[in-house]
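With the sequences and hints as input, model every part of the structure.
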Amino acid sequence: MKFGHAAAVLGVLLAIFLFHHTSSATPIVGVGANVVYESSADGRQYVARQPISLRGGYRFSLADIYLEYTNFRVADSGTSMLYVAREHQEFLLWGRRIIRADWVVSPTAALGLGFEYDRVKTSFGAQSSEESGSPLAIMASALGARVQIVEYLDLQIEGRLSFGSGSQPEPLFGFGIAFGASF
Amino acid sequence: MKLSDTIGSPSSWAFAAVLFFLLGAGCGGFRPNGANVYQIPWPSENGKYQLQNVSIESYEQPATLQGRNVQIFVNPSLADGQMQSERANGHYLRNRDGVMVPTDYTSVEAAAIHAHLERLLKIDTELKAVANWPARIAIDVNVHSNGKRTVNNAFFAEELDALFVPPYTELDVPIAVNGGVLAHEHFHRIFQSMVFKRIGKGGYFSRELQAFREHAFWSENSTGGSVEMVNGQPLDKDVHGQGKPQASQVAKYNAFYLSALNEGLADFWGWVYTGDPNFIKPSLPKLGNFRSLDQKPVERLASTPQLLAWTMGSVNGKAFTVGELKDRSYFVGTTYARFLREITQALAQSKDITRADRMKVAGALIEVLPEFADRAGKTVRAQELLNPNTFMIMLSSKISIVGELASSRVCRTIRRWAAPDWDHEMQAVKCLEPQRTTPLSPKGPVTPATPTAPATPSSGGEKGGTPKTPRKQTTTPAGELS
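Order-wise, the sequence lines are chains A and B.
Going by this note's numbering, the first residue of the first sequence is number 606, and it counts up by one from there.
Going by this note's numbering, the first residue of the second sequence is number 10, and it counts up by one from there.
It is worth saying that the hints were derived from the structure and are not from the lab.
Be careful, since some hints might not be right.
Ranges of calculated distance between the beta carbons of each label pair, as one might list FRET restraints [claimed, not checked]:
| # | chain 1 | residue 1 | chain 2 | residue 2 | range |
| --- | --- | --- | --- | --- | --- |
| 1 | A | 652 | B | 136 | 38 to 44 Å |
| 2 | A | 776 | B | 91 | 25 to 31 Å |
| 3 | A | 651 | B | 157 | 25 to 31 Å |
| 4 | A | 651 | B | 256 | 52 to 58 Å |
| 5 | B | 45 | A | 659 | 33 to 39 Å |
| 6 | A | 651 | B | 168 | 53 to 59 Å |
| 7 | A | 755 | B | 157 | 57 to 63 Å |
| 8 | B | 62 | A | 782 | 41 to 47 Å |
| 9 | A | 788 | B | 70 | 24 to 30 Å |
For clarity, every value in this text was computed on a predicted model and none was experimentally measured.
A virtual CB, placed ideally from N, CA and C, is assigned to each residue, including glycine.
Printed below as a string of structure tokens:
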């Protein structure tokens, strides 16, 4: 559980950071569409998944702290009789640094920690089984840019790399675009 | 009021976030490697496949689909004659009961293969069967034949020492999860190790055997001979008119016969493992009915002239296509599988055949394979025809039979089912009558009364003699067996 312990320590540090900066914080929310590339079963290619994400948190002067929920479904073709469909969900706590706020296109860098879990529906003939997995720790990093569209709205574009402790043996990479609002 | 006040203060968000995060991280960190119960389609008591929780001790690296008994290759390629694939990705979740549940189709296939091969290895160990381990199994294989992608099939590629399972597109149980079909294919691995390799020592037989498996062989040789059939039997003069078949014909015959025997014994192995005489049916219903081991009435084993006629690839002027010849080898093989099932039934203490009954005959089969291989090797090297009865007679000598009734039943079964070549000798075999007190063969070797007949038939071709004219084939309904 080393990964989980490290995540917990980092979470505490983030909380301390939040306590010290509450006076200048502004709530933010966002919705995003991503593309995540998972290695295929044969390891020869990458299969694109297209999750949607919801975000909510706070913006400080040059940093955003927010929670992100991501969800995508994979309808594995299988066969007519044996069919497996997976739903993947992630909860990540992100810390994002706005590197140059004075630029029109502000570069950003972010680190996220959290957990993921899968649900699967297996159909075999007339039989059907739905199972949920245990949460698994996940860590992610992102590089991107933020563009202020109007006073309360911005557009965020980023590339991501995530490392899970689950069955996916390799890091996942992907791209995302999100619209955010601050109040 | 500011909107931020309505949502909540930043400090409360922070507390919620940290609490949420700690809960998640505390629950996380599970690694699937090491868990050993998997949810996969598995045959139930009545033979019907259902999703069940199955223990797999040897599946040690599910994240890459690998285990100590099985190497899985997903969509492999060939490079310099070697099978290669990228590192495969397995996807499983562990549910609240600790059961590993596959989250994609390939992972279902892999887990089922590991589960079945683990149990087949246990049978091998129990019976002292020899095969190369870990088994190399390729799934989702992209194989083309005659310009079309091969689907809904499984086969053992001996040159790669790998079992191939191409994609399944039918509506029933996928072949990769069908234990009977996997057992069938696994037996080819055993036959390869215990028979073909043994026969092929010195490299003599490998060329002919390899040729049999290549379509080009049949394409080039399909018009190599013509056999006139009368009453379902080839005329002697066409087969043996020159006194002895040509060496190339003998080689083809022996390759065809051994391949057919291999298929038949593999069908028997599928039944031994599953207990389902129609184990192919759950995946391939039409083929299953054709290959079922409990089909009645049962045909006798094909005679030497019959086999030779088919081997020549032309009957009554009509040449077999490559596909027909391949089908014919399965057809010939199936009669051996049914024969073995009848012997098992004859041995059984009750009408219901138990696993122990099946294992008894399976054990005898494994025991006889090396001896049969040595004998077949000599015959092949002498460029003589393998006799279709030899294997069954040798096998019967290995079966431990307890009780006069069983002894009588087995003896009668062999006499009725043997290829017609030996009719004149089989008629001389006097099977034990159950009510008699004098045992024919107390411990089981059920051999014809003529000592030299079963082992060294004078008419079957193994000694190179001219077979007598085959008698008209007669089939005795199995129901008449005592």
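Those earlier numbered hints the structure runs against, lowest number first:
6 and 9
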